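Using the hints, put the two chains back together into the complex; each one sits in its own frame.
So you can see what is in the structure, the chains are spelled out below.
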Amino acid sequence: DTEVTQTPKHLVMGMTNKKSLKCEQHMGHRAMYWYKQKAKKPPELMFVYSYEKLSINESVPSRFSPECPNSSLLNLHLHALQPEDSALYLCASSQVGGKDGYTFGSGTRLTVV
Amino acid sequence: GQQLNQSPQSMFIQEGEDVSMNCTSSSIFNTWLWYKQDPGEGPVLLIALYKAGELTSNGRLTAQFGITRKDSFLNISASIPSDVGIYFCAGLYTGANSKLTFGKGITLSVRP
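Order-wise, the sequence lines are chains A and B.
Numbering follows this note's numbering, with no gaps: position 19 of the first sequence is 0.
Numbering follows this note's numbering, with no gaps: position 92 of the second sequence is 119.
Since the hints were derived computationally from the structure, they do not count as laboratory data.
Model, not experiment: these values are computed from the prediction.
Even glycine gets a Cβ: it sits at the ideal position worked out from N, Cα and C.
Among the hints, erroneous ones may be present.
Said to hold, decoys possible - Calculated pairs, EDC-like style, for lysine to aspartate or glutamate (alpha carbon to alpha carbon, straight line, at most 16 Å):
no., chain 1, residue 1, chain 2, residue 2
1, B, 126, A, 5
2, A, 17, B, 68
3, A, 21, B, 68
4, A, 19, B, 68
What the hints assert, rightly or not - Covered stretches of chain A, going by a simulated chain B footprint (3 or more residues, C-beta under 8 Å):
no., stretch
5, 23 to 29
6, 70 to 82
7, 86 to 92
Chain B with its partners taken away, still in its complex shape (with noise of 0.2 Å):
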């Protein structure tokens, strides 16, 4: 089946600083999603993508839709205690019977 790829499981940053993920897939999508979750939530969506090569801010939060669309990264800049939590990319190719896609998802930790 189709998987993606996110690496890696944890990342521990300083307050204030920047932050890059990257999410890559062996199978194309047309929609990027990436979400985040905390401790006994269900995932938020934070941003999402559906055109390749599209770039998309949300406040602190910019993500990009690969132009090979099977790829897509997001970066938080001036992380703050409140961005700790688990990072999921998700992938959709739209249509009857879709499904979401999950990557493995990536613990944030933020040192203040």
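Excised from the complex, chain A in its bound form (with noise of 0.2 Å):
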């Protein structure tokens, strides 16, 4: 299995809202990524997982949430959520330090409404 898999694809959610976004790996990645694309962006780091322990933080405001419950998962949980984080989050995975390149899913496409 060499695929990153993301649900939902879509998801449209009220600012007063709580939703998870999910994303699973069965490559044997220990590293996992949540990063958010704007349209026509590149895509902009959010947060890193290693070994199931988040190493990185970009400084994400608290309304957005990983939490990794084992080495194949990785959620972002959403809360209380402005228009402006309407984007498309992307979920990734690899070896850790990176060897070999990130494998990317397809993303959710998240509206805030």
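The structure is reproduced here in structure tokens:
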């Protein structure tokens, strides 16, 4: 299995809602990442997990809360988002240190209304 | 922070033509990656380069890791309509807490 699977593919949520994005990989990668991507821009790193522990938080607002329950799963919990948080949220995985590059999922298109 | 320069922002070519894209950095990387992203999808890895001077091919794609370790180029030969998309270069210094740095991307259009 050489894929990173993200669900849901699309999500519309109100500013008072709580929702979660899910990501799964079975490549044995022990590093997993959340990226945010706005239209026609490169992906921006949000969080890095290494061996299931949070190793990098790129000063992301607390309304985004990551969780890594095991080596195959990565979640992003969303609460009280703003319309400007609407974006494509990408999950990626790699060997720790990034050797052989990162494998990205197809993303979750999030719209905050 | 580290920045990668990719320009121009858009390129328009005729089907069958070759195209070359360049990426430069102010910092040294020990890994260069080229990704292609289609609308509504995540980036897909095209080619990975690990050694200064390395030249690697993947079908019609050829990429090189610059000798200075601060640049890379990607060539696409005999372009076809499905080559349309956004091409990102990305640099990585592998190791603990490594972070992938992306270029701004080049949107490629192929006229039939």
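Numbers of unmet hints, in rising order: Number 1 only.
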